[in-house]
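Novice: Chain by chain, the residues run as shown.
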Amino acid sequence: MMTDEKPIRVLIAKPGLDGHDRGAKVVALALRDAGMEVIYTGLHRTVEEIVAAAVQEDVDVIGLSILSGAHLPICEKLFTKMRDAGIADKPVIVGGNIPVRDHPALRALGVAGVFATSSELGAIADAVKKTARTN
Amino acid sequence: MSEKKNREVILESGIPIKPVYGPDDIAQMNVARDLGKPGEFPFTRGIHPLMYRARPWTMRQYAGFGTPQDTNGRFKFLIEHGQNALNVAFDLPTQMGLDSDDPRAEGEIGRVGMAIDSLRDMQVAFDGIPLDKVSVSMTINAVTPIILAMYITVAEQQGVLLTEVRGTTQNDILKEYVGRGAWIFPVEPAIRMIADTMEFCARSVPKYYPVSVCGYHIRESGATPVQEIAYAFCIARAYIERVIARGLNVDEFAGRLSFNFDIFGNLWEQVAKFRAARRVWAKLLRDEFGAQNPDTMQMKMIAGGGGGGLTIEEPENNIVRGAYYALISALSGAQTMALCCFDEAYTIPSEKASLISLRTMQILADEMGLSDTVDPLAGSYYIEWLTNEMEARIVAEMKRVDTEMGGVVNGVSKGLVQAEVARQALLYEQKIQRGEMVKVGVNKYRVEGERASQDVELHQYKPEATEEQLRRLAQVKAERDASAVQAALNRVRADATAGVNIMPAMLQAVRAYATVGEITGVLKEVFGEFREPVRW
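Going down the list, the sequences are from chains A and B.
With our numbering, letter number 27 in the first sequence gets 42, and the count goes up by one each step, no holes.
With our numbering, letter number 417 in the second sequence gets 496, and the count goes up by one each step, no holes.
Here chain A stands alone, though its shape is the one from the complex (with noise of 0.2 Å):
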């Protein structure tokens, strides 16, 4: 099958000072094979940092994985800085331990799609084209 669609370009970020990174690079495969261009951060990063590299890498969808319970206050500081940084725009996908209690919480912060651990891979990877496309 012939396409000259641009492959989507999605950031698989790890904020804060959680390191489990097991989901992260679970979900980075999955997405490169499903034909996506992956940029993967690493451990540690910081909220800038994570905003510089979806304005550098020019990525269609950011992707965090948080496990430590801290993806509320993190999520706020993303999207004061993408707000800063003028990538509002930019879909935001969650994954980790995010209990459904937050999903609310972190819908109303601007986040596009909450995934569970345990999620399929396909769904993650259907709702990260969604995202890229309708945005």
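It should be emphasised that the hints constitute simulated quantities derived from the structure, not laboratory data.
This one's a predicted model, so the numbers in the text were calculated from it and none came from an experiment.
Check before you lean on any hint, since a few could be wrong.
[Unchecked claim] Reference excerpt, derived from the structure (chain A facing chain B, CB under 8 Å, subset only): (1) Gly34; (2) Val41; (3) Ala49; (4) Val129; (5) Ser133.
The beta carbon of each residue, even a glycine, is placed where N, CA and C say it ideally should be.
Dock chain B against the given chain A, drawing on the hints supplied.
Specialist: Relative to chain A, chain B alone:
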């Protein structure tokens, strides 16, 4: 019918399994040589002659959250309910060498463990807990010399002699680069500080276990059971070589190395893994390092877990999984056991969930006969065959680390081990998503709709803990002798630069109430920071 009969069974470690095993499968086995008696070389059957008949396994649930007072309360709760040892969780800022007032600590103070900034916090955390009686294990890695110095100081202040101080620090930095991710410094200085703690303890705190090598987190990050043991042994071997290079004899210190292994997945594969691991370790220490003392050759372990096996779906099922993991641990001859709690797929455990895990182990030890007889599965055709098979594969995987990765230190520094583990994690995930590996409630018998998580009462993070922690830190900084702090930090800098053992300088620094962040800051000036090889 024929389809069922021919169903292929291949263990996670890649071993195909037959429906029936018999005498022919272990015909090559020499019982005296390969099994021996419990408590005797090669320790396949266990490291003590009487195992749990003499003393049940140590029960050591992982605990810690909020302020040191909060954690002290949970410690006392667990001890009151019959837990005989502690397993301390630190928050991420502490693990990463940041003080609570560091901007990077924001939102993380006391979240996944307790916050420790200075010696004052450690005094509060262990208030009323006798450190010569309760054995304390601390899950700390990159900043171990600092935390160990605080612990030793608190023990001394309680009147415990250095020669009587017991406990364990995790202190396995190589596995942090592979999984878990709480690294700070580059590989070489980080290993050097581990050797410092091993040398210091061997000479001055002889009952202390300074390093607990963790296959656990490597397995949790995706490795197979065979790789879990093989990588852990390669890492342990690297630490031993560093200490021998300082002129110590292997029998002077290697008996105080312990291991932390993971349990989830196939029951038989795990039991055989541990029996094989004891044999591999004993031979390695005797044949490669020339150990003479049997204690040096004994693989001592905490085995439990297994977070990787727990599911976010129908979390109460994790209580049942935990009971089987504990059974496996007891059948495998673990010295110490800890179980992940049923709510740990969500957050750190609630008091109720911690108690259920403790009761699970107590029921096994006291009701089910698991303490009655040593290594009860020995002599089973299947278990003995599988133990032999696991041994061969562990040894082969260790060779692969040497030949294909240039040794474990090189493999970790370049990200080769990490890439292999990530590859295995993807394969595992794909097997689950294709239904080739069953997780009940996830890819089989799944209940769609509202997740059961709504029914579980979860541990609540207390933001107030941050205020209290910041207040105490400010108070310590105001009350301490600033010139003594400066002098101590200067000595840390000098000793780190000169390459002499860092522990005496650490003791001076924590006693002057220098903080975790200040001491780590000095070490970063000298050593720099690890640059993660992003290779996947």
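Novice: Next, verify each hint and record whether it holds.
Specialist: Status of the hints after comparison with the structure:
For A/Gly34, the interface hint holds, the least distance from its beta-carbon to any beta-carbon of chain B being 2 Å, beneath 8 Å. A cut of 8 Å between beta carbons decides the hint on A/Val41: the least distance to chain B is about 5 Å, and the hint holds. Using the Cβ-Cβ criterion of 8 Å, the hint placing A/Ala49 at the interface with chain B is not satisfied: the shortest such distance is roughly 12 Å. About 12 Å separates the beta-carbon of A/Val129 from the nearest beta-carbon of chain B, more than 8 Å, and the hint is not met.
With its C-beta approaching chain B no nearer than about 6 Å, A/Ser133 sits inside the 8 Å limit, and its interface hint holds.
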